[in-house]
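Fit the two chains together into the complex; they arrive one by one in their own frames, and the hints show the way.
For the record, the sequence lines run as chains A and B.
Using my numbering, you'd call the opening residue of the first sequence number 1 and step up by one each time.
Using my numbering, you'd call the opening residue of the second sequence number 1001 and step up by one each time.
Check each hint, because a few of them may be wrong.
[What the hints assert, rightly or not] SDA-like, lysine to any residue: derived pairs with alpha carbons at most 20 Å apart:
no.: 1; chain 1: A; residue 1: K218; chain 2: A; residue 2: K119
no.: 2; chain 1: B; residue 1: K1304; chain 2: A; residue 2: T161
no.: 3; chain 1: A; residue 1: K211; chain 2: A; residue 2: K222
no.: 4; chain 1: A; residue 1: K431; chain 2: B; residue 2: W1329
no.: 5; chain 1: B; residue 1: K1304; chain 2: A; residue 2: E168
no.: 6; chain 1: B; residue 1: K1304; chain 2: A; residue 2: V339
no.: 7; chain 1: A; residue 1: K431; chain 2: B; residue 2: K1304
no.: 8; chain 1: A; residue 1: K119; chain 2: B; residue 2: W1329
no.: 9; chain 1: B; residue 1: K1334; chain 2: B; residue 2: C1265
no.: 10; chain 1: B; residue 1: K1112; chain 2: A; residue 2: Y426
no.: 11; chain 1: A; residue 1: K212; chain 2: A; residue 2: T393
no.: 12; chain 1: B; residue 1: K1108; chain 2: A; residue 2: N429
If you're looking for bench data, these hints aren't it; they were derived computationally from the structure.
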Amino acid sequence: MDYELLSRIQFGYTVGFHYIFPPLSIGLGLFLVIMEGTYLKTKNELYHQMTRFWVKIFGLIFALGVASGIVMEFQFGTNWATYSRFVGDVFGSALAAEGIFAFFLESGFLAILLFGWDKVKPRTHFFATIMVAFGAHFSAIWIVVANSWQQTPAGHHIVETANGVRAEIVDFWQVVFNPSFLDRISHVYMGAWQAGAFFVLSVSAFYLLRKKHIDFAKASMKIAIVIALFSSVFQLITGHWSADTVAETQPAKLAAFEGHYPAEAPAGAYLFGWVDEENEDVTGLEIPGLLSFLVHWDTDEPVTGLQAFSKEDRPPVNLVFQSYHIMVSIGMLLIALSVIGIIGWRTGILFTNRKLLWIFVFSVLLPQIANQLGWFSAEVGRQPWIVYGLLRTKDALSVSIGEGHVWLSMALFTFIYILLFILFIYLLNEKIQHGPVETKAKKEGGRS
Amino acid sequence: MSFTFDLNTIWFMLVGVLFIGYAILDGFDLGVGTLHLFTKSDTERRLMINSIGPVWDGNEVWLVTGGGALFAAFPEVYATSFSGFYVAMMFLLVGLIFRAVAIEFRSKQESKTWRQFWDISFSASSIISALLIGVALGNIAWGIPLDSNHEFIGTFWGLLHPYALIVGVTTVALFMMHGAIYVVLKTEGELQSKVRGWINNTIIFFIISYAITTMATLLYVPQMSANIQANPWLFVVPLLNMLAIANIPREIHHRREFRAFLSSCASVLLLLALFGIEMYPNLILSNPVIANSLTIYNAASSQKTLWIMLVIAILGMPLVLAYTSSIYWVFRGKVKLDESSY
Chain A
1 MDYELLSRIQ FGYTVGFHYI FPPLSIGLGL FLVIMEGTYL KTKNELYHQM TRFWVKIFGL
61 IFALGVASGI VMEFQFGTNW ATYSRFVGDV FGSALAAEGI FAFFLESGFL AILLFGWDKV
121 KPRTHFFATI MVAFGAHFSA IWIVVANSWQ QTPAGHHIVE TANGVRAEIV DFWQVVFNPS
181 FLDRISHVYM GAWQAGAFFV LSVSAFYLLR KKHIDFAKAS MKIAIVIALF SSVFQLITGH
241 WSADTVAETQ PAKLAAFEGH YPAEAPAGAY LFGWVDEENE DVTGLEIPGL LSFLVHWDTD
301 EPVTGLQAFS KEDRPPVNLV FQSYHIMVSI GMLLIALSVI GIIGWRTGIL FTNRKLLWIF
361 VFSVLLPQIA NQLGWFSAEV GRQPWIVYGL LRTKDALSVS IGEGHVWLSM ALFTFIYILL
421 FILFIYLLNE KIQHGPVETK AKKEGGRS
Chain B
1001 MSFTFDLNTI WFMLVGVLFI GYAILDGFDL GVGTLHLFTK SDTERRLMIN SIGPVWDGNE
1061 VWLVTGGGAL FAAFPEVYAT SFSGFYVAMM FLLVGLIFRA VAIEFRSKQE SKTWRQFWDI
1121 SFSASSIISA LLIGVALGNI AWGIPLDSNH EFIGTFWGLL HPYALIVGVT TVALFMMHGA
1181 IYVVLKTEGE LQSKVRGWIN NTIIFFIISY AITTMATLLY VPQMSANIQA NPWLFVVPLL
1241 NMLAIANIPR EIHHRREFRA FLSSCASVLL LLALFGIEMY PNLILSNPVI ANSLTIYNAA
1301 SSQKTLWIML VIAILGMPLV LAYTSSIYWV FRGKVKLDES SY
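Chain B extracted, bound-state conformation (with noise of 0.2 Å):
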């Protein structure tokens, strides 16, 4: 990897900054959403819902930023792989969308038939969702087909393949994990001690996930080593990854919730930091003709757009991260049912 810092490279990292704020945000939402059914009691439901009640929609802005972003500096990979991947982002599309609609229908009615009908619509949705975005990075590390006008040329089901899915179910089992650690953070006594006791089972699943999906990649996916093979200080990154998940039992075991969620955080950051590492400075690989591949230079808006965009960038970017924190500290503190919950 012949690394040069240059604006190109920055808005590789501004945009991958924007999907981890994204994964490490919504991805909490979607974790409780992958946990929601395995709660029983209709408060305990409630309270899985309104412990993402305040933030999740400003935790999906993320991703529309990151997608904005994305539109702005690499044209070229936004129009690709969003008209490549119609049949997949549709899906993704409904997912969040019907997603937001449980949560605002589910409370609204006593029936049980009502609430069952949008608790398993909430849960199924979020998977999806979790899961459809595990399988565009699987794609995106994979290589898809590419014409020479990076047009893409596969289909649907070619994008279902089986490494896809494996990253797709690391995705949901990431996702699942942190969840549970986010519930136990924000909810007390029983349901508390509920998911608590859930967390190893899904740091289980994870790892298992994971440790496939590396092998898989050292197997079959040589270009995902390369970077760090010809960079060995930045085996640094997986290493701190491993550590940061190990350190979640034992937070949890002290009864240290909110550094067992910074550990997450940081294992959700770690994990897609490597996966950016690997990429770069390619965008979307094209397989199996790798010439076709969208890099961070052929895909770019001009290097004028770039330095414009990255003035806003800076004078925006220390406003949001402000205001997003200080939003979180208003709601710190455990969730409570009241007459503004859903």
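Next up, chain A with everything else stripped away, as it sits in the complex (with noise of 0.2 Å):
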């Protein structure tokens, strides 16, 4: 296999192994500043032992999160050195204040969350959840203001320094709020609150089919649907958002995303479809005209597709038009699902109907596919450019290393990540089958 697809693949999934993680934490950190909030508010022993358990589990992904989060930072320098010479001064502010103002404030604050119950007052407690919150969606704000650059770069200027070419800063904000950032982000954190709620969702409802933790796992559920639908609901508006700024910025992405080949037609979506890439065709369930119509509220205006740009310019298209269509049916799906939840709990159904209960077991692992594909469809869609239109990715490796140097990291990091992962599963399992233990001797309705 060559180098770069090689190294591609390597950042691909060590990457995809990282955001199984991040999202929860962000998802979690609400959950968990709205059930402390209401014990602290109600005083209700019941959320103060919601609030305990599901700090050990986000302590939990935390961990995992820092874990394989540092091999996110040694791999720009590592694999991508061309890469970082060439972005490092606008990356460089992101960066910084990521570090200073996120990291320190989430991993120092988590230390009280987890460890000091009983060494300060409940009012600092909560103060730290709120920090530990507030520090998870802070630090998705300049991981995505990193990334949207690369997506949409905007506030530089590229100069000529004694190392070669570079991408240099001229303004912050510009480079802060690219034009991709804003609906970006709100997309990001919507599909964070839809992989928390659904895994709040998932272990209640796992509780209440083992008829255990009954009150626990119903006053769970009932703050994660609110939340699952109002996330849901609001992940199709920053959706539908984020492909309209793709339309203007990345329309050979959004072509791929489409399948659509003609250089200036009206353009349909498919509801779900196979592309030849070889005969640029696509066969698949079409609705006509609907990507002009949501592109441009006509469905007669023409759309630029793939053949506008030369083949060397063109993105991977079945590999995105794929995980694009998986993510927005899953969307879809959550929607129905969160709609379905809210009905259930208004009719009594949701705490009681098995079957119900076995689909929203399973459903933890939808957002994080989609969120997964999200990704998958972003980055792939920008091929070949790493920073799209000024850096190719075949130009953006390390120099002084090749193949067996990543063949090498590869193998350690797959050794490492197998040994994570059976670790995260193995602890995540002790702490459900432990289930929350109840805090106070104060009477209460359910068995725990």
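Structure (structure tokens):
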């Protein structure tokens, strides 16, 4: 396998593994703030018990996020040195802000969250929870700033230095609020809240099926289903917003999303399909004019297609088409599930219908898959560029290493990721089996 | 050395502060790891791990932020060193992650073999991480072969030369001493008196390796003493460093563990400050072609970026220091095993 492809695969699967955890931290962070806030307001022990349980789960997920995240930071330098030299000046400020404002905030206050229950006052503990949740959201901002800049570079100029060509910052705020930042960060947040909400729904549904921790599970589900509905509906809106920006700024990517080849023609959108890249043709179920309508509010307006770009400037089409379509389908499914959940709660069947509960147990996988595929569409859709229009992926690799090095690190990463994943599942299972602990002997309806 | 107090120099210091913060904080975590297998009973080993329980994760963030700041302020150094030290970096990553896994896993099963396995993993990964950090420092001082594009043109085995290994061992010894003092500070009773007995040995181990490093540096790495030679007043740094180390046995003798720990922190700080002073204004020396070295000028981001980041750092650093110290304040006192322990 060639060095470029191998390096891309390595980056893809390491960042994919890492991205299991941050959305859960962000989503659960919000959930923790709501629960602990409710506890402080109502003094209801149940919410105390809930917070303590979910904090433990949060701690585990956070630790895995840190362990897999260190790999990310090393990797830019080890495998993508030329890219690092090119973007360092622009990314610098975002990275500095991330490290100083977000990382320290999260990891510092997390110690209080996990180990400080008996050492600080309840209000201080709540403050720590808010800080951790805030830190988790804040760190996403800077990562998405950096990535959005790679999609839609702005606020920079290209400078010839003694070390070669590089991008340098001209306007900090233009870099931060580059054309795709706001829609993409909203899309990422909603995806993260979905991940957190369906995770809570899954564990709680499992307890209900086992007839354990009933009150705990019901109360957790009620909060989670509201977050699930809100984020799933808004995900549709942010998704549309994001696609609009892509249409404007990265037409080749948008064309790949829908397998739209003609250079300038009205375009439909597919419910599903298969792209024959050789013959530049798509087989599938198409709604005519829909893409034109979504982009221009007019079914007859032309949309730029892949043939407007020379072959070397096109991303892999079918791969992007499939991941984008599966993501969208899962998005729709999640809206449906959330609505069913809310109706189920109102009519009372949510907590008793075993089939429905089993669906929610497995629903945890859906936002995870959609989040992964969403990034996959965004990143593969940007190819062959690593920084859109400025730097090609093949020109971004480290010069001083080769294929052998990548194989070595690949073997090491596979080894530690398998270990980490086993650890994660093992500890998660242990914590779930152990369940919430009744904190004080107050009267409660449920047996826990 | 021509010293100009410009943005590049400020960022040289700030990146230095982050790495010194890392060495002081994760240094004792790694040190506890190096000493771990010398304790025998299960309770003692749990106390060892739990003495760093609430803080090791946050301490590692200093490395992440230090690496980030390096990427941001001196992208050329980040790119050259991380790709140049590829294999070593991968092993450091594995070491750090394996340590985290060992801490999490160890006490989850009662089985003796299970715990023995993770105890060895915890200790081995701590030792390897400390050693690799030292080897990297040794190479940065000794110089690594760079071409005119600042790309590394040597091999992994070439990085394991005697001087780098000596610095590596010195780093392990330093963290061992630092970790032993931390354990004495955080524990009580039998474990405390046991580890107190080790402190002198760790100091002797450190002093010997430090002396060998110093001799080797003076004999073979002349550029690493040029700055102090040219500015004799800077000799105060190694002098203070020696006094800080000498103060440790005195404080331990008087049972003033906290002051001993502060002394130990000071010696880590001064040692790295010494390293920084001698490196300045170089960040990575090129050996044999000195002209290809990376300095704080040819490796830096633009003045604009350094300036924006300085504003961010000025806003952020007081916050970081405030809550880091308040968190250590919350977890002050002796470590006790309870249900949230590892």
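Quick rundown of the hints versus the structure:
1. A/K218 to A/K119: violated (30 Å)
2. B/K1304 to A/T161: With a Cα-Cα distance of about 15 Å, the restraint between B/K1304 and A/T161 holds, given a limit of 20 Å.
3. A/K211 to A/K222: Holds, at about 17 Å.
4. A/K431 to B/W1329: Violated. A/K431 to B/W1329 sits at ~29 Å, over the 20 Å cutoff.
5. B/K1304 to A/E168: holds (9 Å)
6. B/K1304 to A/V339: Judged against 20 Å, a Cα distance of about 50 Å means the pair is violated.
7. A/K431 to B/K1304: Outside the cut-off at roughly 49 Å; violated.
8. A/K119 to B/W1329: holds (10 Å)
9. B/K1334 to B/C1265: The given pair, whose Cα atoms are some 19 Å apart, holds under the 20 Å limit.
10. B/K1112 to A/Y426: Holds, at about 19 Å.
11. A/K212 to A/T393: Between A/K212 and A/T393 the Cα gap is close to 52 Å, so the pair fails against 20 Å, i.e. violated.
12. B/K1108 to A/N429: Given pair B/K1108, A/N429 holds - Cα atoms ~12 Å apart, limit 20 Å.
Violation of the numbered hints given earlier is confined to hints 1, 4, 6, 7 and 11; the remaining hints are satisfied by the structure.
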